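Each protein sequence line maps, in turn, to chains G and Z. As numbered in the numbering used here, residues 37 to 464 make up the first sequence, in order. As numbered in the numbering used here, residues 88 to 572 make up the second sequence, in order.
Source of the hints: derived by calculation from the structure; they are not laboratory data. Note that this is a predicted model, so its numbers are computed, not measured. Treat each hint with caution, since some may be false.
Said to hold, decoys possible - Chain Z is faced by these chain G residues, among others (derived, beta-carbon under 10 Å): (1) Glu302; (2) Arg419; (3) Phe426; (4) Asn444; (5) Phe450; (6) Gln455; (7) Arg456.
Every residue gets a Cβ at the ideal spot worked out from N, C-alpha and C, and that includes glycine.
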Amino acid sequence: MSQEAIKEKSMILQKEMVEGLFNDLDHAKELGKKVCYTFVPGNLSELIRTFDMLPVYPEINALQSAMRKKSGGYIKEAEKNAHSEDVCTYVKCDVGMMMKGNIGPTGTKIPEPDVLLLSYTGCFTFMKWFETLKREYPNAKVIMVHTPYQENAQMTPSMVEYMVKQFKEEVIPQMEEVTGIKYDEAKLKRMLALSKEAEDWITKIFDTTKHKPSPIDAYFAGVYYIGPINIGFRGTPEAVEYYKELYSEIQERIRLGLGPITPEGEMKEEKYRLVVEGPPNWTSFREFWKIFYDMGAVIVASSYTKVGGVYDLGWRHDPERPLESLAEYCMNCYTNLNIPQRIDLLSKCITEYQADGYVTNSIKSCNSFSAGQLGMMREIEDRLEVPVGFIESDLVDPRYFSYSNIKNRLESYFQMLAQRKMMEKEAH
Amino acid sequence: MPNAYLLTTNLKTMKKYYLGIDLGSTTSKAVIINEQDEIVGRGITNTRANYKVAADIAREEAIYDARFNLLQRRIDKSLVDKPEFKKYMKDLRSVFQYGQFKRRMESLEKMLVATVNEFAYDNKSAILVKLKEIIETIRPQIQNGFINEDLGSKNQFFRDIVSEKYNIEVEKKGAEYYEPLMLAFDKSITPIENEMVQYNFRELVLEAMKILDTKYKGLADQQEDGNHEDWYYAELNAIKDNYQNVEFTLREHIEDIVNEEIHIAKMVGTGYGRALLPFPEDCIKSEILCHAFGAHAVFPNTRTVLDIGGQDTKAIQVDSHGLVTSFHMNDRCAAGCGRYLGYIADEFGLSLNELGPEANKATKETTICSTCTVFAGAEVKELLHNGEERPNILAGLHKAIVQRAMSLIARSGGVRNEFTFTGGVARNEAVLKYVKQMVTDSYGEVTMNIHTDSIFMGALGGAMFARRNISADLPTAKEKVKQEN
Numbered sequence: 037m038s039q040e041a042i043k044e045k046s047m048i049l050q051k052e053m054v055e056g057l058f059n060d061l062d063h064a065k066e067l068g069k070k071v072c073y074t075f076v077p078g079n080l081s082e083l084i085r086t087f088d089m090l091p092v093y094p095e096i097n098a099l100q101s102a103m104r105k106k107s108g109g110y111i112k113e114a115e116k117n118a119h120s121e122d123v124c125t126y127v128k129c130d131v132g133m134m135m136k137g138n139i140g141p142t143g144t145k146i147p148e149p150d151v152l153l154l155s156y157t158g159c160f161t162f163m164k165w166f167e168t169l170k171r172e173y174p175n176a177k178v179i180m181v182h183t184p185y186q187e188n189a190q191m192t193p194s195m196v197e198y199m200v201k202q203f204k205e206e207v208i209p210q211m212e213e214v215t216g217i218k219y220d221e222a223k224l225k226r227m228l229a230l231s232k233e234a235e236d237w238i239t240k241i242f243d244t245t246k247h248k249p250s251p252i253d254a255y256f257a258g259v260y261y262i263g264p265i266n267i268g269f270r271g272t273p274e275a276v277e278y279y280k281e282l283y284s285e286i287q288e289r290i291r292l293g294l295g296p297i298t299p300e301g302e303m304k305e306e307k308y309r310l311v312v313e314g315p316p317n318w319t320s321f322r323e324f325w326k327i328f329y330d331m332g333a334v335i336v337a338s339s340y341t342k343v344g345g346v347y348d349l350g351w352r353h354d355p356e357r358p359l360e361s362l363a364e365y366c367m368n369c370y371t372n373l374n375i376p377q378r379i380d381l382l383s384k385c386i387t388e389y390q391a392d393g394y395v396t397n398s399i400k401s402c403n404s405f406s407a408g409q410l411g412m413m414r415e416i417e418d419r420l421e422v423p424v425g426f427i428e429s430d431l432v433d434p435r436y437f438s439y440s441n442i443k444n445r446l447e448s449y450f451q452m453l454a455q456r457k458m459m460e461k462e463a464h
Numbered sequence: 088m089p090n091a092y093l094l095t096t097n098l099k100t101m102k103k104y105y106l107g108i109d110l111g112s113t114t115s116k117a118v119i120i121n122e123q124d125e126i127v128g129r130g131i132t133n134t135r136a137n138y139k140v141a142a143d144i145a146r147e148e149a150i151y152d153a154r155f156n157l158l159q160r161r162i163d164k165s166l167v168d169k170p171e172f173k174k175y176m177k178d179l180r181s182v183f184q185y186g187q188f189k190r191r192m193e194s195l196e197k198m199l200v201a202t203v204n205e206f207a208y209d210n211k212s213a214i215l216v217k218l219k220e221i222i223e224t225i226r227p228q229i230q231n232g233f234i235n236e237d238l239g240s241k242n243q244f245f246r247d248i249v250s251e252k253y254n255i256e257v258e259k260k261g262a263e264y265y266e267p268l269m270l271a272f273d274k275s276i277t278p279i280e281n282e283m284v285q286y287n288f289r290e291l292v293l294e295a296m297k298i299l300d301t302k303y304k305g306l307a308d309q310q311e312d313g314n315h316e317d318w319y320y321a322e323l324n325a326i327k328d329n330y331q332n333v334e335f336t337l338r339e340h341i342e343d344i345v346n347e348e349i350h351i352a353k354m355v356g357t358g359y360g361r362a363l364l365p366f367p368e369d370c371i372k373s374e375i376l377c378h379a380f381g382a383h384a385v386f387p388n389t390r391t392v393l394d395i396g397g398q399d400t401k402a403i404q405v406d407s408h409g410l411v412t413s414f415h416m417n418d419r420c421a422a423g424c425g426r427y428l429g430y431i432a433d434e435f436g437l438s439l440n441e442l443g444p445e446a447n448k449a450t451k452e453t454t455i456c457s458t459c460t461v462f463a464g465a466e467v468k469e470l471l472h473n474g475e476e477r478p479n480i481l482a483g484l485h486k487a488i489v490q491r492a493m494s495l496i497a498r499s500g501g502v503r504n505e506f507t508f509t510g511g512v513a514r515n516e517a518v519l520k521y522v523k524q525m526v527t528d529s530y531g532e533v534t535m536n537i538h539t540d541s542i543f544m545g546a547l548g549g550a551m552f553a554r555r556n557i558s559a560d561l562p563t564a565k566e567k568v569k570q571e572n
């Protein structure tokens with residue numbers, strides 16, 4: 037029973053943090069705080085907080101709307117307003133929500149943006165998204181930073197310099213102008229020290245899947261774990277406290293030899309360990325997850341939990357190089373890695389976490405993730421001789437989640453893994 | 088009695104058989120194998136609302152087929168050497184089928200009359216008269232089709248045969264009767280089709296032999312009118328002179344065959360409807376694994392399997408053990424699978440079997456741009472309107488399906504070695520032609536396997552899985568064998 041109580045503590049902490057943020061957003065005017073809309077990949081949370089602004093993440097709102105079964109209506113609203121069927125459904129969900137009064141996931145109104153900050157251009161849709169919002173919020177200041185792609189699998193000094201120049205010449209002056217607050221590098225450095233600490237913890241947390249059984253699910257539960265670090269709490273003491281708490285809860289699970297927690301309680305038997313590529317489907321998140329845990333499949337690593345930042349290979353925010361490390365952070369998010377880098381990263385996960393298989397969830401809406409996915413899968417299959425699976429769904433458009441198709445594919449995939457395990461056993 | 092020894096050993100160590108059922112979206116298939124993985128019986132029927140009935144019928148059909156095959160094995164030598172044996176067995180199967188058909192037909196007739204009696208039409212009694220006329224017309228037509236023609240070998244199901252003949256007769260009855268008569272059929276066929284009828288194999292075989300006896304007795308000397316090939320007259324003359332000898336030989340074996348217990352030790356269900364099959368959970372397998380396993384069993388060097396079924400297309404990669412390493416399926420659209428052909432056949436007023444041969448008459452392939460089944464219908468109409476030849480359009484449509492399948496193959500990793508084509512659509516010769524052509528174009532010369540049993544590969548794989556899991560799942564059966572030894 038103490039297990040239940042411990043489990044709840046980190047969840048309560050996260051809930052309080054999120055509610056606090058939305059409450060602040062609801063009272064942004066009274067609090068005299070400016071509001072900055074930005075995206076998760078390459079987000080400059082610390083910089084935003086340096087200027088005392090409150091962050092809003094439209095794609096997080098979209099996925100939360102989907103989990104609350106509201107995205108379908110929002111998307112229809114956006115399509116009524118001439119957004120094509122092929123446009124990213126995060127965008128349409130967000131636009132539809134705005135058209136219906138901009139009531140956020142917690143039921144409170146989301147304030148209009150003072151700043152639209154684009155700090156990751158790997159996703160071209162992000163840019164178009166803010167151009168669209170700019171038309172709706174003509175008073176908002178649009179700040180766009182160009183993030184170079186890791187074409188040659190590295191972040192060169194000139195790339196860092198190029199970005200820092202944009203921070204110094206574009207981002208910081210405009211933020212000062214909007215907020216009336218002078219850029220305070222000492223404050224930023226203090227936050228970056230805390231960011232580094234949170235990043236150390238989250239790396240340790242995702243590394244616990246090395247254990248058998250894995251104490252956590254690094255995809256379905258993982259998306260909750262990455263919440264605080266991705267949605268504006270990185271660089272705060274609350275985030276550090278949350279991750280410390282979460283880590284100790286997981287340590288306790290390891291001590292007791294427990295598997296991951298699912299919506300229907302603890303997973304009893306770990307049958308398959310998988311690495312998953314691609315974001316989850318949000319409209320049928322629970323059903324999607326259930327297909328996996330019903331079959332005893334646990335996800336030991338996923339690319340999606342690296343969408344806000346890749347910490348596996350040792351990279352951290354560095355208070356000694358504040359703007360430089362912000363630049364590196366933007367360039368080092370998962371979808372900004374080139375395809376061979378992603379393959380290496382995923383292969384490392386499969387090997388280190390002793391995965392039995394590799395599954396791609398291909399998302400209709402998402403170019404950033406989809407481009408190269410099949411080739412990556414083929415390469416991983418060839419390199420590691422690991423059984424691969426491929427399913428298709430969407431982020432937040434309920435029309436593109438076919439439960440029976442996905443279940444059918446996954447059932448076949450799990451039977452394929454079972455068969456292989458049986459053959460391997462016979463061979464030994 | 089050369090078979091006495093065989094009989095006693097059979098009884099001593101009861102043979103075990105394994106059943107695989109593939110409940111597809113269009114047809115349900117059953118395959119029975121023995122302990123050497125050899126196919127002993129196949130059964131197929133159309134899938135209907137009641138999946139259990141479809142599965143049961145397929146299974147029963149496979150058991151009948153198994154009995155006939157056992158019978159044929161007994162007269163193996165005669166079948167090769169004597170044309171009358173071959174002809175008799177063919178006729179026997181057809182008339183046996185008629186026996187089943189007749190019983191179902193009787194139920195349908197009763198149901199039709201009962202349905203019309205429920206109607207509130209003013210001219211109900213006139214409708215009833217027309218209905219009875221239709222019944223009286225099609226009943227002998229069907230009888231003749233099975234007994235004297237080759238209706239039995241056409242792979243058509245009860246619903247297809249009856250509705251085709253019924254529709255023709257309804258057309259003749261005039262417009263005022265069209266709607267009530269069609270309604271009566273639609274309302275009656277479904278419950279009849281979803282009803283499980285138990286047949287007695289022995290009774291049906293003996294009845295069929297009696298019918299054949301009468302038929303052959305009545306055969307007048309057929310003059311060679313030049314309408315048929317030589318072998319036709321040879322067979323006919325042989326049977327006419329020797330049918331009593333064949334009957335005598337068969338009767339020697341029939342009782343054995345009838346009493347031979349086809350003991351299904353274990354079964355595995357697969358296909359779209361597998362979750363609805365009344366099997367325990369561990370007896371249900373993914374159709375991807377089953378198709379791959381079946382194809383690999385028949386062609387052990389297979390590394391890539393393409394299966395085009397009614398509602399899906401699968402490209403599967405397998406390893407040297409027949410184990411699936413990866414697969415790809417169509418998710419968003421039916422335009423690459425069997426249903427598309429069904430839809431196109433309807434558009435052209437052709438039967439499915441006619442599509443391939445018609446397409447192969449093409450002088451060129453019309454480009455069909457649509458990737459959507461429904462839109463392709465509109466495109467076809469437009470092309471016909473513009474004077475495009477029917478075979479050319481059909482060729483284009485067939486090519487379009489194969490192009491979709493090729494894209495799935497590419498996504499699954501391409502063709503790396505021997506390639507096997509399975510599923511109901513593999514029976515279509517135009518599809519076959521384009522598959523061969525396009526696989527060669529993209530991957531060079533590779534061995535390509537297409538088997539007459541391609542539609543049964545999923546069921547075969549299922550049966551093979553059933554056989555392999557026996558020791559793990561049925562320890563009691565294993566013990567029994569030990570005790571017997």
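Evaluated hints:
1. Interface hint at G:Glu302: violated, since its Cβ lies 22 Å from the closest Cβ of chain Z, which is beyond the 10 Å cut-off.
2. Because the smallest distance between the Cβ of G:Arg419 and any Cβ of chain Z comes to about 14 Å, over 10 Å, the interface hint for this residue is violated.
3. Nearest Cβ of chain Z to the Cβ of G:Phe426: about 6 Å, under the 10 Å cut. The hint holds.
4. A least Cβ separation of about 8 Å between G:Asn444 and chain Z falls short of the 10 Å threshold, and the interface hint therefore holds.
5. The beta carbon of G:Phe450 comes within 9 Å of a beta carbon in chain Z, closer than 10 Å, and the hint placing it at the interface holds.
6. For G:Gln455, the interface hint holds, since its Cβ comes within 10 Å of a Cβ in chain Z; the closest pair sits about 6 Å apart.
7. This hint holds: G:Arg456 has a C-beta 6 Å from the nearest C-beta of chain Z, less than the 10 Å allowed.
Of the numbered hints stated above, those contradicted by the structure are hints 1, 2, listed in ascending order.
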